[in-house]
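There are 2 protein chains.
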Amino acid sequence: MSQKTVGVLGGGQLGRMLSQPASLLGIPLLFLDSGDKTPAKLIAPPPEGHSSHLDGPFNSRPHILELAEKSDILTIEIEHVNADVLAEVEEKGKCDVQPKPATIKLIQDKYAQKVHLEKHGIAVAPFFAVSQDASRDEWEKLGKELGTPMMLKSRTMAYDGKGNSPLASVSEEDVQSSLTQLGAGTGGKQLSLYAEGWMPFVKEIAVMVVRNVEGQVVSYDAVETVHKDSILRVCIAPLRMHDWDSKKAGGKWEESVNVRAKKLAEKAVGVLDGAGVFGVEMFLMQDGSLLINEIAPRPHNSGHHTIEACHTSQFENHLRAILSLPLGSTSLRVPAAGMVNLIGSSNSMEPIDRAVRTALGVTGASVHLYGKKECRKGRKVGHITVTGENDAVVRERMRTILRSMEDIDEEWIGKTIGSSPLSSSASASPSGAKSHPQPLVGIIMGSDSDLPTLLPGARILDKFEIPYELTICSAHRTPQRMVDYARNAAGRGLKCIVAGAGGAAHLPGMVASETALPVVGVPVKGSVLDGVDSLYSIVQMPRGIPTATVGINNSTNAALLAIRIIAASDPKLLKRVEEYAESLEEEVLEKVDALEQMGWEAYASERLKK
Amino acid sequence: MSQKTVGVLGGGQLGRMLSQPASLLGIPLLFLDSGDKTPAKLIAPPPEGHSSHLDGPFNSRPHILELAEKSDILTIEIEHVNADVLAEVEEKGKCDVQPKPATIKLIQDKYAQKVHLEKHGIAVAPFFAVSQDASRDEWEKLGKELGTPMMLKSRTMAYDGKGNSPLASVSEEDVQSSLTQLGAGTGGKQLSLYAEGWMPFVKEIAVMVVRNVEGQVVSYDAVETVHKDSILRVCIAPLRMHDWDSKKAGGKWEESVNVRAKKLAEKAVGVLDGAGVFGVEMFLMQDGSLLINEIAPRPHNSGHHTIEACHTSQFENHLRAILSLPLGSTSLRVPAAGMVNLIGSSNSMEPIDRAVRTALGVTGASVHLYGKKECRKGRKVGHITVTGENDAVVRERMRTILRSMEDIDEEWIGKTIGSSPLSSSASASPSGAKSHPQPLVGIIMGSDSDLPTLLPGARILDKFEIPYELTICSAHRTPQRMVDYARNAAGRGLKCIVAGAGGAAHLPGMVASETALPVVGVPVKGSVLDGVDSLYSIVQMPRGIPTATVGINNSTNAALLAIRIIAASDPKLLKRVEEYAESLEEEVLEKVDALEQMGWEAYASERLKK
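Taken in order, these protein sequences are the chains called C and L.
Going by the numbering used here, the first residue of the first sequence is number 1, and it counts up by one from there.
Going by the numbering used here, the first residue of the second sequence is number 1, and it counts up by one from there.
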């Protein structure tokens, strides 16, 4: 394949993960970093013709020039490099640099980055530059402009929460304490700061965007990211919205958040030069709007799940992008995935080992250790990716892993990925029969009078441990709610909707008109016409919009049909449906025996007693 | 994690692929092989505290002893090692050896391997030892016992077709020519041979079995393997049976081939000692029986797809098994996968590069190059794994890659994975409207008189490019055929069955009783009762066995329902169903315009003319 040697500034875990697709594709990587035991150097031997990787800081001019001398193209796995020297290399024209040094330089200064994005009409949180020597008046003015609390941030060298300090008020005391936290007075240096409005986001979201040298752009689906102590801890794919009532979020959900997030991320990357992967972090606000938080000009921690979960990983696509190879598909190849960072809680590696041992026992968990021999609080020493057949399964697997981590408690887990259990039969549906937070089936009915008819179906789903939700949604009395429910169902992770209705029985057909998911209709028998009215109304849909109709009042079969629909792409569940069918056979055969032994007269009178 | 250093005899591509999970889990690997540019050594730096891997032959006593000295456990990535020295190491007790040296030694001698398996009641092809100096009478006798053609095989050092020679007859001429091919007379050495009956297999199958030091056993699902010039070329997962008529295959399909193959493989590995992965190759015969072909005591080429396609790869599980770590899940994490070996067709690397470039443009294709700088005919230089949402998609992707290989022609592709196209709309269903070889939907009808009613549904599937089959299957006139069809449907890769029936209309419900897949029933209107008889018969199923019923004669909706069922786990298809619904809306809105412009009197008379 490509015989071009890629010089990489930085030899940390991102470099380590770059080296894996590089070896698969035969791409030679030469790393520049200090020491010979960095995560990347530990597993990536130097390319042929080189006795070693380069040993030196990735911001040292002579070292960068030496790397450029030995490489055909330079790229970065960390943005805190010497961008001026990269610009010098670029200018010389002998060695390509991707992404562009100007982009790296811009991104290093978070304030300049935001000014640049805002100038190009890209939504960011409100912000103002501020000097550490600002007067009382200036602070007061800032407080009025941005409101409090606000965030005081270092313009440069800020990452994983370092360089950020929340400011509860603009009082002299609070300002002083924040400035001290950010390092004011230390060594007499002048801080370079800006202030940002407090963002009461609903979720944090990230999109990895890839652009190759030719300008072709693809992006991965948006993921939900959850930070703990300002460090990314958990990442969930695909992104789900759990508030299906659009009114709650200001009615802005028409276009899925995923689609809007990808568009915004691509637009933002569109105002930056150069090829490679860009990690775009965003806030999803209460009103459904999206704001850019920040952009990393390299593969990003929120894209690590792509190694197992997507057709082409962000690392392989970064290499493809800078080497003018065709970009790989960004689609998920699994139904659902999650990522949990392994982060030091102290100097001891023991808690990490425990989490890893737990993960080795979890189906679908892939452990990635970065080869770091020493641990310290807040240090990323590895991550674990989990894949599975649906959201509920992935979250249950993540819960098992998170529970083995000493700095994580049940409350944090509940807040982050939900605390409902799935594994044991008794607790398959949350206690007291409440809706599961990651349902695969939605049972809806036009009226609570249909509940007794639909309960047997719910119990079948309990029996099969299928996560589901159950609610009321009337076609005639809550038409908007019905439309919202149907339109958001697929995006929330549902795979099938079971709708029960009597009389005119419009609900199943109307719901089917507003979703692409299969809708199973249960005709509910009313006081007249024996349910035939509902049956005809549900089954005789016009060509183009199908409903799957089951027998009158037969919610059991509706649930079993929903289970078969899920089982069509879940071999283990399919096996359980087969076993269920066998159990029905055995049940009848027992009756055959009883009939034979008791005689039919006795059997009939026994049966009457039941 | 484990601090044990694993010494690996052999540093080829299997060692290279072992090194990847080893680095993820922090397991130090030390390789023994000749030269410093072997595939494994090229990408795996020596463990900490070692300046290099061991340079020497993996059958050299001093080198093996040195490796044992430096390791906590020895394992192999090739079986042609010095097993006697390994036994010596084992005996000393300082360094563990897995799998057991006795197992490696046994497997090195294919004749002894077969004797051992046969002794333990494990089905193998009939075989006899034979000497190169056997008399005419002895050859004649052999010919009678085994029949001709037969295979003449070397007992040792046979792989990738080397050491095998087909014997068309036991005539003096044929025997001489075979013996010469196997090396008789070269250097005066005495050949160690045996003869094996010719196996007219239906398919070749492989199962990877994993056993850890504690004796826990798991196995991967069986895969279909296809050889070309006696070298594995293509591997397909999951294994599918394409003959659903059990009578054709002697009625032995009751237990799925996959289940039987896994049982047989586990039984075979059960009579061998030691931990690790065992690759078990089998023949599936015309009558449905399975015979063991041979066993490799290590990760195997037919398990390479497990890297991308399964929760835990065979390489990671090999390490887990020998290091007493919990075994990882062997389940597929994708719906379907395939593997294509990159094999030299000459000394030139150019054809390999071309195939790799093709693969980089194929969604779901992952390229694995082994770092070999030189190519030669028959040399494995890499492989490509393909994953996808169903069998048809994976095969289409494999076809694209196979077509770029110079030693492969369309006939071989057709024979191996089918030649039917899927990509272009016009050819989505094979020309002349014939059944697709990897259908997702099966349309069946009780009588050909139902065909006109079901055709609109078939055309909807064409429109959506869903691979399907269409056939006749009568509940009353071909009951056994119906049962066979239903029972084999899921194993053949179908995700949904659409069944049309009129009158008593038992077909959908009876089929639903014999499969766990969702069954969509289309009530066909007969000459009396307006189809209400069929509707009631299809929809009013007893509790426990559901059918998804659509409107009378509405096969369009049945097909759309089948599509929605598949789309429930296929986001791209879901998007297309949404677009289809939008197109229906646009169609109606055009009519609104026409009505407005023409007036309703003119519109009505226009409409009558159509």
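Hints should not be assumed to be uniformly reliable.
The list makes no distinction among identical chains, and a pair is therefore deemed to hold if it is satisfied within one copy or across any two copies.
[Unchecked claim] The calculated DSS-like cross-link candidates involving lysine-lysine, where the alpha carbons are at most 25 Å apart (straight line), are:
#: 1; residue 1: 228; residue 2: 203
#: 2; residue 1: 141; residue 2: 610
#: 3; residue 1: 70; residue 2: 37
#: 4; residue 1: 105; residue 2: 591
#: 5; residue 1: 4; residue 2: 380
#: 6; residue 1: 373; residue 2: 228
#: 7; residue 1: 609; residue 2: 141
#: 8; residue 1: 4; residue 2: 373
#: 9; residue 1: 70; residue 2: 373
#: 10; residue 1: 610; residue 2: 572
#: 11; residue 1: 119; residue 2: 92
#: 12; residue 1: 591; residue 2: 609
#: 13; residue 1: 228; residue 2: 144
#: 14; residue 1: 144; residue 2: 380
#: 15; residue 1: 203; residue 2: 434
#: 16; residue 1: 92; residue 2: 609
#: 17; residue 1: 70; residue 2: 119
Derived by calculation from the structure, the hints in this document are not laboratory data.
Predicted, not measured: the structure shown is a model, and the values here were computed from it.
Going down the list of hints, with the structure as the test:
Proximity of residue 228 to residue 203 under the C-alpha cut-off of 25 Å is restricted to the intra-copy arrangement: shortest distance 13 Å within a copy versus 53 Å between copies. In this homomeric assembly, residue 141 and residue 610 never come within 25 Å of each other (Cα to Cα): the closest approach is 80 Å inside a single copy and 73 Å across copies. Both within a single protomer and between protomers do residue 70 and residue 37 lie at most 25 Å apart by alpha-carbon distance, with minima of 21 Å and 21 Å respectively. Taking identical chains as interchangeable, the C-alpha atoms of residue 105 and residue 591 are never at most 25 Å apart, the minima being 79 Å within one chain and 57 Å between chains.
In the homo-oligomer, the alpha carbons of residue 4 and residue 380 lie at most 25 Å apart only across protomers (24 Å), although the nearest pairing inside one protomer, at 31 Å, exceeds that limit. When the C-alpha separation of residue 373 and residue 228 is checked against a cutoff of 25 Å, the pair qualifies only within one copy, where the shortest distance is 23 Å, while the shortest distance between copies is 47 Å. Taking CA atoms no more than 25 Å apart as the test, residue 609 paired with residue 141 passes in neither setting, with 83 Å inside one copy and 75 Å between copies. For the homomeric pair residue 4 and residue 373, the shortest alpha-carbon distance between copies (15 Å) is at most 25 Å, but the shortest distance inside one copy (32 Å) is not.
Taking identical chains as interchangeable, the C-alpha atoms of residue 70 and residue 373 lie at most 25 Å apart only when they sit on different chains, with a minimum of 21 Å there against 30 Å within one chain. When the C-alpha separation of residue 610 and residue 572 is checked against a cutoff of 25 Å, the pair qualifies neither within a copy, at 35 Å, nor between copies, at 51 Å. Taking the shortest Cα distances, residue 119 and residue 92 never come within 25 Å of each other, neither inside one copy (30 Å) nor across copies (74 Å). Proximity of residue 591 and residue 609 under a CA criterion of 25 Å is satisfied intra-copy only: 16 Å inside one chain copy versus 62 Å between copies.
When the C-alpha separation of residue 228 and residue 144 is checked against a cutoff of 25 Å, the pair qualifies neither within a copy, at 29 Å, nor between copies, at 76 Å. In this assembly of identical chains, residue 144 and residue 380 lie within 25 Å of each other by CA distance neither inside one copy nor across copies; the values are 38 Å within and 69 Å between. In this assembly of identical chains, residue 203 and residue 434 lie within 25 Å of each other by CA distance solely inside one copy; the values are 24 Å within and 50 Å between copies. With identical chains, the CA atoms of residue 92 and residue 609 are never at most 25 Å apart, being 96 Å at best within one copy and 75 Å at best between copies.
Taking the shortest alpha-carbon separations for residue 70 and residue 119, neither the intra-copy value of 38 Å nor the inter-copy value of 62 Å comes in at or below 25 Å.
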